[in-house]
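Kindly generate the complete structure, drawing on both the sequences and the hints.
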Amino acid sequence: MVEGKGICLTAVSEKMLQEIHENQFMNDARPLQPAELKADSGFRLWNLIQLTFAMGLWFALIRRHMDEPTLQFRFRSGAPLSVSTRLFLGHLMTSLGLVFGFSQIYNMTFRLGPPRISFGRFGWAITGLFLMFHLLASLAWSGVHQVFRNSQTAGSGLVSVMERVVLLTSHQGCFDEFAWLLVAFWAAVWLVNQAKSPNTGTAMTTPMPLEKSDITFALYTSIVVLATIFQRVLEACGG
Amino acid sequence: MGMFRDNPVLSRELLVNLRSHRAFVLQLVYALVLAAAVLVAWPRTGDDSIGIGVTAARQLFDLFFFGQFLLVALVAPTFAAGSITGEKERKTYELLLASPLRPSWILVGKLFSSLTYLVLLLTSSLPMMILGYLLGGILLSEVARVYLVLVLAAGTFGLVSVACSSFFSRTSSSLVVSYLIILPMALIGVYLASTNNLVLRNFFSVALLPPWTLATWAIVIGAINYRLLRPPDVGSEGKEVVDEKEEQKYAIGVVIDRDLFPDKLFAPAKRTDLMPDGTNPVLDKEMRSEIFSQGTLMLRVVIQVSMFISIPLMAVCLFWQPLPGYYVCYVLTFNLLVGPVFSSGSITQERERQTLNLLLTTLLTPGRIVRAKLMAALRVSTVLTLLLTEQILLAYALVRDLQLQFLTIVPFFLIILVTCLLTSSIGLMWSSLVRRTSVAMIMTYLSLMILFVVPAGLYNWALAIFPDVRENVLRWIMTPSPFAAALSVPIVGDRLTATGSDITSIERPLAYTRIQIWVIYLSLALLLSIVCHLITLAAFRYRWWKARESV
Numbered sequence: 019m020v021e022g023k024g025i026c027l028t029a030v031s032e033k034m035l036q037e038i039h040e041n042q043f044m045n046d047a048r049p050l051q052p053a054e055l056k057a058d059s060g061f062r063l064w065n066l067i068q069l070t071f072a073m074g075l076w077f078a079l080i081r082r083h084m085d086e087p088t089l090q091f092r093f094r095s096g097a098p099l100s101v102s103t104r105l106f107l108g109h110l111m112t113s114l115g116l117v118f119g120f121s122q123i124y125n126m127t128f129r130l131g132p133p134r135i136s137f138g139r140f141g142w143a144i145t146g147l148f149l150m151f152h153l154l155a156s157l158a159w160s161g162v163h164q165v166f167r168n169s170q171t172a173g174s175g176l177v178s179v180m181e182r183v184v185l186l187t188s189h190q191g192c193f194d195e196f197a198w199l200l201v202a203f204w205a206a207v208w209l210v211n212q213a214k215s216p217n218t219g220t221a222m223t224t225p226m227p228l229e230k231s232d233i234t235f236a237l238y239t240s241i242v243v244l245a246t247i248f249q250r251v252l253e254a255c256g257g
Numbered sequence: 064m065g066m067f068r069d070n071p072v073l074s075r076e077l078l079v080n081l082r083s084h085r086a087f088v089l090q091l092v093y094a095l096v097l098a099a100a101v102l103v104a105w106p107r108t109g110d111d112s113i114g115i116g117v118t119a120a121r122q123l124f125d126l127f128f129f130g131q132f133l134l135v136a137l138v139a140p141t142f143a144a145g146s147i148t149g150e151k152e153r154k155t156y157e158l159l160l161a162s163p164l165r166p167s168w169i170l171v172g173k174l175f176s177s178l179t180y181l182v183l184l185l186t187s188s189l190p191m192m193i194l195g196y197l198l199g200g201i202l203l204s205e206v207a208r209v210y211l212v213l214v215l216a217a218g219t220f221g222l223v224s225v226a227c228s229s230f231f232s233r234t235s236s237s238l239v240v241s242y243l244i245i246l247p248m249a250l251i252g253v254y255l256a257s258t259n260n261l262v263l264r265n266f267f268s269v270a271l272l273p274p275w276t277l278a279t280w281a282i283v284i285g286a287i288n289y290r291l292l293r294p295p296d297v298g299s300e301g302k303e304v305v306d307e308k309e310e311q312k313y314a315i316g317v318v319i320d321r322d323l324f325p326d327k328l329f330a331p332a333k334r335t336d337l338m339p340d341g342t343n344p345v346l347d348k349e350m351r352s353e354i355f356s357q358g359t360l361m362l363r364v365v366i367q368v369s370m371f372i373s374i375p376l377m378a379v380c381l382f383w384q385p386l387p388g389y390y391v392c393y394v395l396t397f398n399l400l401v402g403p404v405f406s407s408g409s410i411t412q413e414r415e416r417q418t419l420n421l422l423l424t425t426l427l428t429p430g431r432i433v434r435a436k437l438m439a440a441l442r443v444s445t446v447l448t449l450l451l452t453e454q455i456l457l458a459y460a461l462v463r464d465l466q467l468q469f470l471t472i473v474p475f476f477l478i479i480l481v482t483c484l485l486t487s488s489i490g491l492m493w494s495s496l497v498r499r500t501s502v503a504m505i506m507t508y509l510s511l512m513i514l515f516v517v518p519a520g521l522y523n524w525a526l527a528i529f530p531d532v533r534e535n536v537l538r539w540i541m542t543p544s545p546f547a548a549a550l551s552v553p554i555v556g557d558r559l560t561a562t563g564s565d566i567t568s569i570e571r572p573l574a575y576t577r578i579q580i581w582v583i584y585l586s587l588a589l590l591l592s593i594v595c596h597l598i599t600l601a602a603f604r605y606r607w608w609k610a611r612e613s614v
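Quick note, the sequences are listed as chains A and B, same order. According to the numbering used here, numbering within the first sequence proceeds without interruption in unit steps and concludes at 257. According to the numbering used here, numbering within the second sequence proceeds without interruption in unit steps and concludes at 614.
Hints were generated in silico from the structure; no laboratory data involved. Keep in mind that a hint or two might mislead.
Claimed, not checked - Restraint-style ranges between C-beta atoms, simulated for each label pair:
1) B/342 / A/194: 55 to 63 Å
2) B/496 / A/93: 56 to 64 Å
3) A/85 / B/519: 32 to 40 Å
4) B/271 / A/161: 51 to 59 Å
5) A/86 / B/593: 49 to 57 Å
6) A/229 / B/577: 56 to 64 Å
7) B/262 / A/86: 33 to 41 Å
8) B/374 / A/161: 32 to 40 Å
9) B/374 / A/229: 24 to 32 Å
10) A/159 / B/336: 55 to 63 Å
11) B/274 / A/210: 48 to 56 Å
12) A/93 / B/389: 21 to 29 Å
To be verified - Over the 10 Å line for every Cβ pair with chain A, so calculated as not near, a few chain B residues:
13) 87
14) 121
15) 149
16) 159
17) 182
18) 190
19) 207
20) 248
21) 261
22) 270
23) 282
24) 284
25) 286
26) 468
27) 540
28) 587
Stated by the list, open to error - In silico BS3-like pairs for lysine-lysine, Cα to Cα no more than 30 Å straight-line:
29) B/333 / B/154
30) B/327 / A/230
31) A/230 / B/333
No residue lacks a Cβ here, since even glycine has one placed at the ideal position from N, Cα and C.
Right, dumping it as C-alpha cells:
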C-alpha cells in the first residue's frame, strides 16, 4: 500500500508505521541531529500574511495622513524632503513594529507559552507594547486636552483630533527616543552576556541559539536606527 | 546549426506536432477568425473614408497586438510547461537524460518544438496586419516592432515555462507556476504597450526590452541547463511521494507547517490515527495525502508569488485610489489560474494511475465520491484565494471612502466565493469527461477563458461594430464574466466631485432590468456550477454503472 496512489483509503500507511517505529526505538539510542528537528527558523505562511498586513497598514496610514489638511498645506507650500521621508519611514516602522510585535505577544501568550521566550521574541513584544502605549498615551493626553478646551470649531471634533494624533504619533514614534531605546536594549543584553560570575569568573549566561525572531528583530532595529540617522542627517542638511 | 538541424528531440517533436490534423485545423480557424475580424472592421463608406480608415486601422492594429499578446501569454505556457514534465509523467525522462544528447540540445529541442507552432500562428496573422497597414495610419516600423515584441515575449514566456517544467514533476504544477510568473510580466507589458506616451513606448520596445529579455533568457537557460545536467529528480520510481520533512530542510522562503493555522486550512496534517466514523474517506484521503503527495513546492511558489504581487496592487487599487473592483479582478485572476489545478486532475489522475476502477468498486456511492473530490479542490483553491482578501478587509476598515460604503464588500466576497465554486466545478467536470489530466486542464482553462475573458473582448468589439445598439443592451454580453461583475459593483469614492458623474457605465443597471451585472453573474455562476456538477455526476455514475456491469 503506497500513500498518494489513490488506493490508500486507510489512515495509517506503511511508511508512517515505519516512522513511528523509528521514533520509538531510535530516539532513545541517539539524539536527533539539527537537520532532523523541525526547523524553527522557517518563514511560515503566517509571517507572510503578517508582512502583507503590515504593508497594508503602512499604505493606509500614509493615505490617511496625506488626506490631512495640515500635511497637504505643507506639501503645497514646498515641504522639504525630510517631511516625505519621515512620512514613509515612520509609518513603515510603526506598522511593522505593531504587527510583528503583537504577533509575538500573541505567540508567547497563547501559542508557545513562557518556556519558549527568546531574545528576539522579547524584543518584538517590547516593540509592540511600546508603540501601542505610545499611541494610547498620546491619544489620552489629546483627549484630556480636547475635553478641557471643549472646542466646537469645525474639523476639531474629538474623533478627528484623535485620528490626527494617531497619525502624527505613528509617523514620529519610530524615530529618536525609540531608536535609542532599541540600541540601549541591545547594549544591555550584550553587557549581560559579557558579565562574569563573581565566583568562577566564567560567563554567567550561555548564549541561546539564534532564532528567526532574533534575526528579524535585529533587522528591524538596524533599519530603525539607520532611518533615524538618515532622517537627522537630511534635516541637518536642510533637506 | 547542428543543434537545430540534427537535433533528434526537435525533429521528433516537430514531426509529431506539425503533421497532426489538429495543427492544420487550429491554424485554419485562427486565420479565419482574424480574417473575419478584418472583414467586419473594414470601413464601408466611399470617398470620405480616409479618416475612418485610419481609425479602423488603428483599432485593428491594437486588437491584433493585444489579442496576440494575450494569446502568447496564455498559449506559450500550455505548450512549454509540459515539455519536460511530460517526459517525467511518461517515465521517459531518465532515458532522455541517459542519451548522449547535451542538456543544451534537449533544451533547444523542447523550447523550439513548443514555440514553433505558436510562432507559426503569429506569422499567419502578418498578412491581416498588413491589410490594416493598407488602410493608412500605421507605419511599417510599428508592425515590425510589434512582431519583435511578440517574438521576444513568446521566447521569454516559453523559456520560463520550460524552466518550471524542469523544476516540477507534474504538468499541472508547472503550468500554474508558469502562469503566475508570466502574469506580472504580461501586465507590465500590456501597460507599457497601451500607454499614450510614444517616447516611453518606443524606449521600452526598442531599447529596454531586447537587452532585458536576452539577459533573462541567459539566466533561465543557465538554470535549466544546470537542472538537466545535475537532475535531483531522477530515479523517480522510488520517489513519487515526496517526503515533506526532507523537503522542508531545503525549502527556501515560506515553509508549510501542516499542524499550524492557517496552513492546516488547506493542507491538514497527515493522519496518524484512525478515521472517525462517518468521515468521507475520499475527502480525507484527498486533503491529507493526495493533493500534496508531490510535495509543497508548487504551493509555496504560488503563495509567495501571489502575495508579493498583491502588495503593489493593493497600494494602487485599494489605498491610493478606492478601486477595490480592480483588486478583486486580481484575486479572481489568481483563482482562475489556481482553481483548475486542484480540480481538473481529481478524476483523471485516478485514471492515469489506474485506480479509478478500484475506487468505483468500493462501497462509496458516485455522489459521495464526486462531492468529496469537489470539496477537496474547492477547499484548497478557496483558502488560497481568500489569503489575498485580507487586504480588502483592511482597506474597508481604514480607507475613509470605503468605510462610507462598507456594504459593497458583500458583493465582492460573494463574487469571489462563487467564482471559486465555478472554477472548481468546471475543472471537475472536464476531469470526469476526458482521459488525461493535461487535456482536462487545457479544456478547463479554455472554458474559463471563454466565460471570463472573451465576453469583455466581445463587448468592446460589439461597441465599435454596432454603434446603433444601446450600450446597456450590449452590456448583457459581459454577464458571464466575474471581472465585469467585480467592476460593476458601484464604488462612488471621490469621483463625484472629480469627474462630475457618480458612477461609471459598467456600474449602471442593464437594459430590460434594473439590476447590475454582478447580480446576474452570481445567479448565472451558481446555475453553471450546478449544471457542471450534474454533468460530472452523470459521467461518473455512467462509469460506475459500467464498472458494476463488468463485475
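Outcome of the hint check:
The hinted range of 55 to 63 Å is satisfied by residue 342 of chain B and residue 194 of chain A, whose Cβ atoms lie roughly 59 Å apart. The beta-carbon spacing between residue 496 of chain B and residue 93 of chain A, approximately 60 Å, falls within the hinted interval of 56 to 64 Å. Our hint of 32 to 40 Å for residue 85 of chain A and residue 519 of chain B holds, since their Cβ atoms are close to 33 Å apart. A C-beta distance of roughly 54 Å is found between residue 271 of chain B and residue 161 of chain A, which places it inside the suggested range of 51 to 59 Å.
A hinted range of 49 to 57 Å for the beta carbons of residue 86 of chain A and residue 593 of chain B is consistent with their spacing of about 51 Å. Roughly 60 Å separates the CB atoms of residue 229 of chain A and residue 577 of chain B, a value that falls within the hinted 56 to 64 Å. Checking the proposed 33 to 41 Å range against residue 262 of chain B and residue 86 of chain A shows it holds: the Cβ atoms sit about 36 Å from each other. Distance hint check for residue 374 of chain B and residue 161 of chain A: the Cβ-Cβ separation is about 34 Å, which falls inside the suggested range of 32 to 40 Å.
As the Cβ distance of residue 374 of chain B to residue 229 of chain A is approximately 26 Å, the hint placing it in 24 to 32 Å holds. The supplied range of 55 to 63 Å is met by residue 159 of chain A and residue 336 of chain B, whose beta-carbon atoms lie about 56 Å from each other. With their beta carbons about 54 Å apart, residue 274 of chain B and residue 210 of chain A fall inside the hinted range of 48 to 56 Å. Distance hint for residue 93 of chain A and residue 389 of chain B: a CB-CB separation of about 26 Å, consistent with the stated range 21 to 29 Å.
Once the 10 Å rule is applied to beta carbons, residue 87 of chain B is consistent with being away from chain A; the minimum gap is 37 Å. Taking the minimum C-beta to C-beta distance to chain A, about 37 Å, the non-interface status of residue 121 of chain B holds against the 10 Å cut. Against the 10 Å criterion, residue 149 of chain B stays outside the reach of chain A, whose nearest CB is about 20 Å from its own CB. Listed as a non-interface residue, residue 159 of chain B keeps its Cβ farther than 10 Å from every Cβ of chain A; the least gap is roughly 25 Å.
At the 10 Å boundary, the C-beta of residue 182 of chain B stays outside the reach of chain A, the nearest C-beta of that chain being 38 Å off. A cut-off of 10 Å between C-beta atoms confirms that residue 190 of chain B is not in contact with chain A; the least separation is 48 Å. Interface exclusion of residue 207 of chain B from chain A stands, the closest Cβ pair being 41 Å apart, more than 10 Å. Interface exclusion of residue 248 of chain B from chain A stands, the closest Cβ pair being 21 Å apart, more than 10 Å.
No Cβ of chain A comes within 10 Å of the Cβ of residue 261 of chain B; the nearest lies about 31 Å off, and the non-interface call holds. Against the 10 Å criterion, residue 270 of chain B stays outside the reach of chain A, whose nearest CB is about 30 Å from its own CB. For residue 282 of chain B, the condition that its CB be more than 10 Å from all CB atoms of chain A holds, with the nearest at approximately 24 Å. Distance to chain A confirms residue 284 of chain B as a non-interface residue, since its nearest Cβ pair spans about 29 Å, more than 10 Å.
For residue 286 of chain B, the requirement that its beta carbon stay farther than 10 Å from each beta carbon of chain A is met, with the minimum near 22 Å. Residue 468 of chain B, annotated as away from the interface, keeps every beta carbon of chain A farther than 10 Å; the closest lies near 16 Å. A cut-off of 10 Å between C-beta atoms confirms that residue 540 of chain B is not in contact with chain A; the least separation is 35 Å. Distance to chain A confirms residue 587 of chain B as a non-interface residue, since its nearest Cβ pair spans about 32 Å, more than 10 Å.
Only pairs whose Cα atoms come within 30 Å are accepted, and residue 333 of chain B paired with residue 154 of chain B is accepted, the gap being roughly 28 Å. Taking the CA atoms of residue 327 of chain B and residue 230 of chain A, the gap is near 21 Å; set against the 30 Å cutoff, the hint holds. At roughly 26 Å between alpha-carbon atoms, residue 230 of chain A and residue 333 of chain B fall within 30 Å of each other, so this suggested pair holds.
In this structure, none of the earlier numbered hints is contradicted; all agree with it.
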